[in-house]
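Number of protein chains: 2
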Amino acid sequence: MVLDGKKTSNEIKEEIKITVASMKSRGQRPPHLAAVLVGNDGASLTYVGSKVRSCEYVGFDSTLIRLESNITEDDLLQHIRGLNEDDNLDGYIVQLPLPKHINEEKILLAIDPKKDVDGFHPANFGRMTLELKAFIPATPFGIMQLLERYNVPTKGKHCVVVGRSHIVGRPISILMSQKGISGNATVTLAHSHTKNLEDLTRTADIIIMALGMPEFLKANMIKEGAVIIDVGITRVQDNNNAKGYIIKGDVSYEEVSKKASFITPVPGGVGPMTIAMLLKNTLLAREWN
Amino acid sequence: MVLDGKKTSNEIKEEIKITVASMKSRGQRPPHLAAVLVGNDGASLTYVGSKVRSCEYVGFDSTLIRLESNITEDDLLQHIRGLNEDDNLDGYIVQLPLPKHINEEKILLAIDPKKDVDGFHPANFGRMTLELKAFIPATPFGIMQLLERYNVPTKGKHCVVVGRSHIVGRPISILMSQKGISGNATVTLAHSHTKNLEDLTRTADIIIMALGMPEFLKANMIKEGAVIIDVGITRVQDNNNAKGYIIKGDVSYEEVSKKASFITPVPGGVGPMTIAMLLKNTLLAREWN
Numbered sequence: 001m002v003l004d005g006k007k008t009s010n011e012i013k014e015e016i017k018i019t020v021a022s023m024k025s026r027g028q029r030p031p032h033l034a035a036v037l038v039g040n041d042g043a044s045l046t047y048v049g050s051k052v053r054s055c056e057y058v059g060f061d062s063t064l065i066r067l068e069s070n071i072t073e074d075d076l077l078q079h080i081r082g083l084n085e086d087d088n089l090d091g092y093i094v095q096l097p098l099p100k101h102i103n104e105e106k107i108l109l110a111i112d113p114k115k116d117v118d119g120f121h122p123a124n125f126g127r128m129t130l131e132l133k134a135f136i137p138a139t140p141f142g143i144m145q146l147l148e149r150y151n152v153p154t155k156g157k158h159c160v161v162v163g164r165s166h167i168v169g170r171p172i173s174i175l176m177s178q179k180g181i182s183g184n185a186t187v188t189l190a191h192s193h194t195k196n197l198e199d200l201t202r203t204a205d206i207i208i209m210a211l212g213m214p215e216f217l218k219a220n221m222i223k224e225g226a227v228i229i230d231v232g233i234t235r236v237q238d239n240n241n242a243k244g245y246i247i248k249g250d251v252s253y254e255e256v257s258k259k260a261s262f263i264t265p266v267p268g269g270v271g272p273m274t275i276a277m278l279l280k281n282t283l284l285a286r287e288w289n
Numbered sequence: 001m002v003l004d005g006k007k008t009s010n011e012i013k014e015e016i017k018i019t020v021a022s023m024k025s026r027g028q029r030p031p032h033l034a035a036v037l038v039g040n041d042g043a044s045l046t047y048v049g050s051k052v053r054s055c056e057y058v059g060f061d062s063t064l065i066r067l068e069s070n071i072t073e074d075d076l077l078q079h080i081r082g083l084n085e086d087d088n089l090d091g092y093i094v095q096l097p098l099p100k101h102i103n104e105e106k107i108l109l110a111i112d113p114k115k116d117v118d119g120f121h122p123a124n125f126g127r128m129t130l131e132l133k134a135f136i137p138a139t140p141f142g143i144m145q146l147l148e149r150y151n152v153p154t155k156g157k158h159c160v161v162v163g164r165s166h167i168v169g170r171p172i173s174i175l176m177s178q179k180g181i182s183g184n185a186t187v188t189l190a191h192s193h194t195k196n197l198e199d200l201t202r203t204a205d206i207i208i209m210a211l212g213m214p215e216f217l218k219a220n221m222i223k224e225g226a227v228i229i230d231v232g233i234t235r236v237q238d239n240n241n242a243k244g245y246i247i248k249g250d251v252s253y254e255e256v257s258k259k260a261s262f263i264t265p266v267p268g269g270v271g272p273m274t275i276a277m278l279l280k281n282t283l284l285a286r287e288w289n
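If you read the protein sequences in the order shown, they are chains A and B. Okay, so the first sequence: first residue is 1 according to my numbering, each after it adds one. Okay, so the second sequence: first residue is 1 according to my numbering, each after it adds one.
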């Protein structure tokens, strides 16, 4: 069965839209998300544009703050402080990557954790890990929602997460092994030093691929009926395509989908969930603060 | 081979003692640790007493703050704020458990993360998880030090952590799978919902037991040459002992030690490392702030 991220993310957006309409009808200010974009990177422009449009769709206020790529670190920090102090703003994101002369860590640490709807600030990450109320990073949050809404059993299942990045592999490995819906799995976190990865994936009930290696996972690496979550999105050159590339996941979808019980496609799986969960976090920020 | 926590913790204390002597000889203030103890719980008194004596041994300043068990939450918070503002204090711990009428979470969140040498504050936990400079909780920090000082290979090894508590299982599962010395293991976190635990432990190169079930791990549950870390400390009734109890770990030491390549005894393994690493964190607090 296909875990349809496009459909599910649309459902979530509709739910948010209804909540916002109800807030407005009670005379309340709608949630307000700002996005900080430094420079003119094409992919970043696309992502941020899509986030802003999604805000408008669900009825959020949104602000796009575009800054020159030669902005100094101090000036950017000045903007961050302004956003932290803005009482009419519930949450904001700083689109990565930032230009090389700016220390990303320093910028992310300057974001008020209460407005950190990306969930990248250590204070949020720690709260999530210690099972306190927290903004969960959008991609792992989206995976948890997909599993939950499709009633995919996770309790006591062996889940292998491949890739230990801070924004996907690490947090999803933590969330899947915590108590709660879509949790209570026995989780193994695999990475570049893992030996005999196939031995691990072949015994897994659930495999979450967050590696960034196109079509890495083949049918002979999984067991019959496994649940496959594909977080990979790599641009692969394709001259037959008008854009000159196509997007590939970490999973050989064609062959793996025949053996899997549930599988996320790429595109249309985890990807669309990410924006929906950013909106969800912004709504939570509005409710919590 | 026995991983001798008593010997290793003594080595670490000697190293700290030398560093402190050198600080003092340069006219610098030595590190200063405070411990807050609410009420008269016997075990807590023992632990805190031992921490204070260790401070004195290595040349730290130490302050024991004893408060009545009927102190209000507000008054305790007032003490916490005072400690946060005390420039002559590098770190402090609030001995748990607190009386039932006090919200532990609220108290722990009030501790300035810069003085949180127990490493329990979410801001520290998040920093640790995101591989930033952080105070690592003493027990997992002690395990990492034992593995490092005995040159136990971990890179690419399969490590099974049994127990997902916030103070041991969760953090050690994170640390063992991060980059760095004693890291880069492929870690599986097992817990109460894990099925066929023996199948997992039998394939593990390293097993970390943090379950609190006396002598749970038997020889037939491990493979020949496995590394065994026993975090369990349970008091088991024993009328032949003057105290009326003996301390048991989670491992059937007698039989498991014959099959293991490295093993920590109980007592004298992980336990003594905990205080040493609290001292280490206090020294780091002195150096960082």
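Possibly wrong hints are sitting among the right ones.
Copies of one chain are not kept apart here, so a pair can be met inside one copy or by any two copies together.
Stated by the list, open to error - Pairs of lysine-lysine, DSSO-like flavour, derived with a Cα cap of 27 Å:
{"hint": "1", "residue 1": "K100", "residue 2": "K179"}
{"hint": "2", "residue 1": "K157", "residue 2": "K114"}
{"hint": "3", "residue 1": "K13", "residue 2": "K223"}
{"hint": "4", "residue 1": "K114", "residue 2": "K133"}
{"hint": "5", "residue 1": "K223", "residue 2": "K100"}
{"hint": "6", "residue 1": "K100", "residue 2": "K258"}
{"hint": "7", "residue 1": "K258", "residue 2": "K243"}
{"hint": "8", "residue 1": "K218", "residue 2": "K24"}
{"hint": "9", "residue 1": "K133", "residue 2": "K258"}
{"hint": "10", "residue 1": "K106", "residue 2": "K179"}
{"hint": "11", "residue 1": "K157", "residue 2": "K243"}
{"hint": "12", "residue 1": "K106", "residue 2": "K223"}
{"hint": "13", "residue 1": "K259", "residue 2": "K6"}
{"hint": "14", "residue 1": "K218", "residue 2": "K114"}
{"hint": "15", "residue 1": "K133", "residue 2": "K243"}
{"hint": "16", "residue 1": "K133", "residue 2": "K100"}
{"hint": "17", "residue 1": "K223", "residue 2": "K195"}
{"hint": "18", "residue 1": "K106", "residue 2": "K259"}
{"hint": "19", "residue 1": "K195", "residue 2": "K6"}
{"hint": "20", "residue 1": "K106", "residue 2": "K195"}
{"hint": "21", "residue 1": "K218", "residue 2": "K155"}
These aren't lab readings, by the way, just hints derived from the structure by calculation.
Each hint, compared with the structure:
Within a single copy, K100 and K179 get their C-alpha atoms only as close as 40 Å, which misses the 27 Å cut-off; across copies the closest is 24 Å, which meets it. For the homomeric pair K157 and K114, neither the shortest alpha-carbon distance inside one copy (34 Å) nor that between copies (39 Å) is at most 27 Å. Taking the shortest alpha-carbon separations for K13 and K223, neither the intra-copy value of 34 Å nor the inter-copy value of 50 Å comes in at or below 27 Å. In this assembly of identical chains, K114 and K133 lie within 27 Å of each other by CA distance both inside one copy and across copies; the values are 11 Å within and 22 Å between.
Taking the shortest alpha-carbon separations for K223 and K100, neither the intra-copy value of 43 Å nor the inter-copy value of 49 Å comes in at or below 27 Å. For the identical chains of this complex, K100 and K258 are neighbours neither inside a copy (44 Å) nor across copies (55 Å), given an alpha-carbon limit of 27 Å. Taking CA atoms no more than 27 Å apart as the test, K258 paired with K243 passes in neither setting, with 29 Å inside one copy and 63 Å between copies. Taking the shortest alpha-carbon separations for K218 and K24, neither the intra-copy value of 49 Å nor the inter-copy value of 62 Å comes in at or below 27 Å.
In this assembly of identical chains, the alpha carbons of K133 and K258 never lie at most 27 Å apart, being 39 Å within a copy and 45 Å across copies at closest. In the homo-oligomer, the alpha carbons of K106 and K179 lie at most 27 Å apart only across protomers (21 Å), although the nearest pairing inside one protomer, at 33 Å, exceeds that limit. In the homo-oligomer, the alpha carbons of K157 and K243 never lie at most 27 Å apart, since the shortest distance is 40 Å inside one protomer and 43 Å across protomers. Taking the closest pair of Cα atoms, K106 and K223 never come within 27 Å of each other, the shortest separation being 44 Å inside a single copy and 46 Å across copies.
In this assembly of identical chains, K259 and K6 lie within 27 Å of each other by CA distance solely inside one copy; the values are 22 Å within and 52 Å between copies. Proximity of K218 to K114 under the C-alpha cut-off of 27 Å is found in neither arrangement, the shortest distances being 41 Å within a copy and 47 Å between copies. Proximity of K133 to K243 under the C-alpha cut-off of 27 Å is found in neither arrangement, the shortest distances being 42 Å within a copy and 42 Å between copies. With identical chains, the CA atoms of K133 and K100 are at most 27 Å apart between copies only, with a shortest distance of 22 Å across copies and 33 Å within one.
For the homomeric pair K223 and K195, the shortest alpha-carbon distances inside one copy (18 Å) and between copies (17 Å) are both at most 27 Å. In this homomeric assembly, K106 and K259 never come within 27 Å of each other (Cα to Cα): the closest approach is 45 Å inside a single copy and 48 Å across copies. In this homomeric assembly, K195 and K6 never come within 27 Å of each other (Cα to Cα): the closest approach is 35 Å inside a single copy and 33 Å across copies. For a Cα distance limit of 27 Å, the shortest separation of K106 from K195 qualifies neither inside one copy, at 35 Å, nor across copies, at 43 Å.
Taking CA atoms no more than 27 Å apart as the test, K218 paired with K155 passes in both settings, with 25 Å inside one copy and 26 Å between copies.
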